[in-house]
Structure formats: structure tokens, C-alpha cells
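Whole structure, please, built from the sequences with the hints as guidance.
These protein sequence lines are chains V and P, in that order. Residue 52 in our numbering is what sits at position 71 of the first sequence, and the numbering runs on without skipping anything. Residue 36 in our numbering is what sits at position 55 of the second sequence, and the numbering runs on without skipping anything.
Be careful, since some hints might not be right.
One copy or two, it doesn't matter: identical chains are merged, so the pair holds either way.
[Unchecked claim] List of simulated lysine-lysine pairs, DSSO-like, C-alpha gap at most 30 Å:
{"id": "1", "residue 1": "Lys175", "residue 2": "Lys214"}
{"id": "2", "residue 1": "Lys214", "residue 2": "Lys38"}
{"id": "3", "residue 1": "Lys175", "residue 2": "Lys38"}
{"id": "4", "residue 1": "Lys209", "residue 2": "Lys150"}
{"id": "5", "residue 1": "Lys209", "residue 2": "Lys175"}
Just so you know, these hints were derived from the structure itself, not from any lab. Note that the structure is a prediction, hence the values are computed from the model and not measured.
Protein chains: 2
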Amino acid sequence: MLTLILTESALETIPERLWTYRSIQRYAKLRRKSPEFVVLDRSYHHAAMKRLEQSEKRGRSDIVHFALLEALGSPLNKEGLLKVYVHTISDCVITVDPTTRLPRNYNRFVSLVEQLFKYEKIPPQSTEKALLTKKRQTMPQLISEIKPSYLLAFSRIGKPCTLEEIVSKIPLESRPVVVVGGFPHGHFSETTAKLTDDIVSIDSDMLETWTVTSRIIYEFERAISLPKKRLNK
Amino acid sequence: MLTLILTESALETIPERLWTYRSIQRYAKLRRKSPEFVVLDRSYHHAAMKRLEQSEKRGRSDIVHFALLEALGSPLNKEGLLKVYVHTISDCVITVDPTTRLPRNYNRFVSLVEQLFKYEKIPPQSTEKALLTKKRQTMPQLISEIKPSYLLAFSRIGKPCTLEEIVSKIPLESRPVVVVGGFPHGHFSETTAKLTDDIVSIDSDMLETWTVTSRIIYEFERAISLPKKRLNK
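Quick look at the structure:
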């Protein structure tokens, strides 16, 4: 069983200090929502976002969308061998049920996230099993809950190491956790970095979050011979 | 050098026979475009699409978007070792320059494609190098232009074979081409199937186009030891 955490992800609703901006209010009105229930998106809120701290790490919900689609659609997840969490830059943690079928359409995904931020679970106000749940939680709190036997993070400034080499060690662990940044630029915070056992760099260049996610999962599948097992079923 | 073709992709502008539908006209008006210049999208045109032939294979531009992001962002592409074509269900072929930086935002990608379908190249009316070009071309025409030494296609109903096994053979070829369906359901047309040397199935389940794309490229990189080479640079 592999646990994947997208950390410090660029997914949040519009922060309070931007609510009064004319461009934000116009956008929220168009979406027929109050700014506090609208997802921050660099494509539309670029100008206003200049006022935010760590602006370059924020407002990219597409990163979480693609990375989750890669994770949830993988054979590893279909075998029930993957657990996925999304930690956000504003310290929320979204728990994703493995059976969740996310919308492929980006706009529908954003609407779903807006519902999640409003009601804290999807489906909201239902007694059924929640597919997505959201709570306030920091990375240290999440990690102390998961209690990983080994925590491996991926970063451009980590120790150079091929993915194959590092991932081949993971199946020997009892509770392995891999951490990938859910943000477009910059690096892990000090807080996140301190939690890791290893930080590795698998390419000389920056790779997109969804690419790293997809490759880690595939390499883990290879390490446990899942491709062969599934074909021989 | 690897050539990737997304074939029979679910990417097209709204077909003429739907232009008179009220729901289509309303949507086009909202987008401030004539229906002939609007991309067909199942998320919004589902009801009208029931009238189309092969409806289940159409109106999923997100598939091409994600798969192209995976392809263009790969180390293989950054090394100049990947060539990408998108063949569409209505027999157009889009040639993608390796240096193209596609919008990450889905709505901006759709607008770009709408421009491409209107002006046949991006940037339009420019003397600069075109990043995307579109022309009318069938799969047999494209293949006779590329002249592959080996054409490998991926399909749920192909011969079961692990990705590692099949891709390890590709680097021995002089002009290998891999073909992945750019549609959500169904199988290759007879026309496409006839062009292939091998059709393989790499999982017991249907995998998403972007997942297969990402895995093929990564496996090819492994087969040519690119991960190690890039780290040692």
C-alpha cells in the first residue's frame, strides 16, 4: 500500500484580503457566488494575486485536478493499493476516497471543489460514504496521523537519483509515503522538508506535478510486479 | 526519436448538423462565437450530441489537453526526441511543435484550439514559426507521410503484453511510431487497425489516454537510459 500526499497544493478559495478587489468581485458575480466560495485561479485572478504572500505558489487548481486524475485512474488505485491526500497551501487536508470518479472537465472539477470548501464533504449533506472530505490540518499533523515508516519527497533540489532506483526500495517499507509538491514554482516549506526521510530529484529539469505523480505510481506498480499480475488475472 | 500519434481524437468544432439546436446556439452566444468556431464538449453539449454518429467517441477535448501536457512536459520531449501529432475523429491532423507551451488552464486551451480550427495555425497570421498547424488528413495519409519502420498501437482489446516488454523493443527501430486512441470509449476504426504492426493491451482494465501516454514516454526514456543520462549531465 502506497500513500501519496500532494503537499502545499495551490488549491484554495479566494483569500479574504482579495474579496474587495473589483476584478475579483466581477469574477465572483459572473460565477454567481460570493468570493469566499470561489476557487482562486491564476488564469483569472493574476493581477489581484500580486498582493498575496507566496503568490507564485498559489492559484493553480489544475495541478491538483490533473495529478488526482493520474492517481485515481491508475491500476494501483484500482487494486486498492493507493491512498491519496491533498494538503493545501492554507493548511487544509482533503482525503480522497479511492472510488471517487472526478469530473474530467476542469470547470466541473472547480465547482466540485467549491462545494467541498463550503460543505467540507462531497456529497454534501448526505449520509452516504463521503468521497471527498476536507478539514483544517497541517502537514506535521497529517504525518503524525499516518505515521509513515518512510517518507520520501520529490523536489528539483533533492539528491539526484533515478526514479527506478529510489522507488524499488519502497515496497520493503511497511507504511511508505511519497510527497509531491502540488504547486507550480518554488520549493517545499521548511516545515515539510523537516518531515522527510529523503528528498530526491529525478530529473535535471523541473517536472510537472502530474508527470511526477504518474511516474511514481507506475514505477511502484513495476516494483510490485503489478502490470504482470493484472495481465495474468 | 519516438513519434506519438493520438488517433481519432475527440477534438472537433461543433458539427454542422448541430448548429441549429437551441442549446448549442445558446452556448455559442454565451461564448460570443458562431457555433462553427466552438469546440464540441460533452460536458455542455451532451443532449444535442445524442444525434451524432459515434457520439460516444466525441466531444472530449480534455483528453487531448491532458495527453499533450504529459507529452510536451516530458524529459523525452525536452531532449528533442519526441514528435507529436493529433489526428482527430473528423480526419484533421494537428502537428505540435516540441517547443509549444500549452495553456494549463482548460478554458484557455479550448480557446486556442478554436483559433487553430479557424486559422489553421497558431499563432495565426504570423510569419513566425507555427507552434500548432492543422490540415485535413486521414490516418493512412499521415502514416504514408511518416513512413514508420514499426507502428505500435495500444488498445484494451490488443494482445496482452507489459509496457516494459513491448517498449524495450522500440529503440531498435529506425522510425518507431506509437499510436494511442484520443477518445474516451470504443476502439480504433478498422482503417487505423489495418495500419498497425502490433496492437497491445498493457492492462486488464481500460486506462485513460493521458495515463497510457505518460507511461509509454517514461518507459521509452528508461529503454534509452535517459533518466540516468540527464541526471549525470
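- Query: Looking at the structure, which of the earlier hints fail to hold?
  - Reply: Checked against the structure, no hint fails, so every one of them is satisfied.
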